[in-house]
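Engineer: Residue-level listing of the chains:
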Amino acid sequence: MAEMNINDAVVTTRLDAVVNWGRKNSLWPLPFGTACCAIEFMSMMASKYDMSRFGAEAMRFSPRQSDMMLVLGTVTNKMAPILRTIYAQMAEPKWVISVGVCASSGGMYRTYATLQGVDRVIPVDVYVPGCPPRPESMIYGVMKLQEKIEKESLSMRKEHIARFYESLARQEALQAEKGLTGQQTIRNMLMDAAERGAGTIF
Amino acid sequence: MAHPASPFLPILILLLVAAVTAIAILVLSGKVLPLLKPNNPQEAKLRPYECGVPPLQEGARHKYSVKFYLTAMLFILFDVEAAFLLPWAVNFKHALWTFAAMLSFMATLLVGFIYAWGKGAFEWER
Amino acid sequence: MIIEHIDAQLPGAVTDRHAFRGDQTIVVAKENLLALVDLLYREGFQLLVDITAVDWPERPNAEGGAAAGRFDVVYHWLNLASQERLRVKVPVADGGTVPSLTGHFKTADWFEREVFDLFGIRFDGHPNMKRLLTWDDFPGHALRKDFPLDGGDPFCMEGCTAPYNNGERARG
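Residue numbers (numbering that gives the first Met the number 0), protein chains in the order written: chain Y, 0 to 201; chain R, 0 to 125; chain E, 0 to 171.
Pulled out of the complex, with its shape left as it was, chain Y reads as follows (with noise of 0.2 Å):
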């Protein structure tokens, strides 16, 4: 993402690696969890591969209080209007790992029904992929968000955040205006981002 490119000069300073130091070892998970991938995650919080070790033990269900989303399992269609206003409600600092294949990219199912990939709604940091990704991935997948909170500065904004919330206000606004259910209205955004050419809503 070009808002945060890391090749730009993003001075870190000392007061930004003490931050990011204690962000990214607290890291309490979300667990969006609607398949398969989330059965792993469980097995990656259990004592063999063990998260806790991570700072990532305080799993939380509520996106209030939590920091990090993993989306574990296909989201269909139907379900992405639930994972936007989840990642709305969440409080900044905020990442998501998508876990899997059917988050990243639709998986094996590429058919009506299935989202071909959250980042086509809501802004992905890490991508873990497997069908599904063995419990080494997933804490790999942790760690490389971890290093990508260690580069990050105070004095940056978050684009892709912003641009979020304003996808947000137009697909509510659009479902106001014209009386349809949230999956339609995103299907009718995905036409329309897919038309200008870009790869996600928001």
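Hint data in this document are derived by calculation from the structure and do not stem from the laboratory.
It cannot be assumed that every hint is accurate.
Said to hold, decoys possible - Listed below are the simulated DSSO-like cross-link pairs for lysine-lysine, each with C-alpha atoms no more than 30 Å apart in a straight line:
(1) Y:K177 x E:K129
(2) Y:K77 x R:K44
(3) E:K29 x E:K105
(4) R:K36 x Y:K143
(5) R:K36 x Y:K150
(6) Y:K147 x R:K44
(7) Y:K77 x E:K105
(8) R:K30 x Y:K157
(9) E:K144 x E:K29
(10) Y:K77 x E:K129
(11) E:K129 x E:K88
(12) Y:K150 x R:K30
(13) Y:K143 x R:K44
(14) Y:K157 x R:K36
(15) E:K144 x Y:K77
(16) Y:K157 x R:K44
(17) Y:K147 x R:K30
(18) R:K66 x R:K118
(19) R:K44 x Y:K177
(20) Y:K150 x R:K44
(21) Y:K147 x R:K36
Note that the coordinates shown come from a computational prediction; the quantities given were computed from them, not determined experimentally.
We have chain Y; now place chains R and E onto it with these hints.
Structural biologist: For chains R and E alone, kept in the frame of chain Y given last:
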């Protein structure tokens, strides 16, 4: 050489520590923390959480049964009676007058108790 | 066994039959369906396991005849007493209807709604003939062979089939 107010010195220290803590918390959360945290107030973040769907029912405006209120009120009354009983019991000195005074206090409340019992206030199921 | 009973009591109803490794399948015309269902219920086939359909686009789409109609509505029954299973296929034309079994079997309600949603076959006498899995104004019927396999993904870059809803937006 002991200062005449020295037994109260710990209280002064407590007061100072409390004041410093309170001011420090106010300053940190008001001035320092906003520089460190991301600031993106959004209306969507304030909405009630209901698993991502719009709320199906208007908040917690259900109709509550009056028996909860009744139980709470009775509890307060008899708990206050017990609270008055305790210091009386501590200072009781085997005099008839004090005993009679407490008995008359309890008799007043006993009348109310019998009335509530007769009215069925103690039966939860009704 | 059951097929002999059917032949005895409804002669000529079974237009085709085949068996494969213990399966038994018969093909009947839709006019005989309700009589067949009554017979099966009396003979003990009281568990309707499934109703589904198959789309044969290369079949000539005409009413009547042995292999008529684009669709085959497929019913599965289980006889709980004798553990015998039976499959019944009913050819239907595109736009044709089949008598509903909701009077006899409560499960037929949602099975028939699912068949309507995914194939477009209507059932006469169904109390609530609406779509079940997709939404009310979903364009098309998803399991027909001419429905795009990838659902008309608007971001499709290669191997794209027809666009979703021909690129039309949903209107309220």
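Engineer: A separate judgement is required for each hint: does it hold in the structure or not?
Structural biologist: Hints, one by one, checked against the model:
1. Y:K177 x E:K129: 23 Å, holds
2. Y:K77 x R:K44: Judged against 30 Å, a Cα distance of about 22 Å means the pair holds.
3. E:K29 x E:K105: 20 Å, holds
4. R:K36 x Y:K143: 22 Å, holds
5. R:K36 x Y:K150: With Cα atoms ~16 Å apart, K36 (chain R) and K150 (chain Y) stay inside 30 Å; holds.
6. Y:K147 x R:K44: 25 Å, holds
7. Y:K77 x E:K105: Holds. K77 (chain Y) to K105 (chain E) sits at ~28 Å (cutoff 30 Å).
8. R:K30 x Y:K157: With a Cα-Cα distance of about 22 Å, the restraint between K30 (chain R) and K157 (chain Y) holds, given a limit of 30 Å.
9. E:K144 x E:K29: 23 Å, holds
10. Y:K77 x E:K129: Within the cut-off at roughly 18 Å; holds.
11. E:K129 x E:K88: Given that 30 Å is the threshold and the Cα spacing comes to 23 Å, the pair holds.
12. Y:K150 x R:K30: 25 Å, holds
13. Y:K143 x R:K44: Since the Cα atoms of K143 (chain Y) and K44 (chain R) sit roughly 27 Å apart, the hinted pair holds (cutoff 30 Å).
14. Y:K157 x R:K36: Cα-Cα ~13 Å, so holds.
15. E:K144 x Y:K77: 23 Å, holds
16. Y:K157 x R:K44: 17 Å, holds
17. Y:K147 x R:K30: 28 Å, holds
18. R:K66 x R:K118: Holds. K66 (chain R) to K118 (chain R) sits at ~13 Å (cutoff 30 Å).
19. R:K44 x Y:K177: The hint holds at about 24 Å.
20. Y:K150 x R:K44: OK: K150 (chain Y) and K44 (chain R) at ~26 Å, within 30 Å.
21. Y:K147 x R:K36: 17 Å, holds
Of the numbered hints listed earlier, not one is contradicted by the structure.
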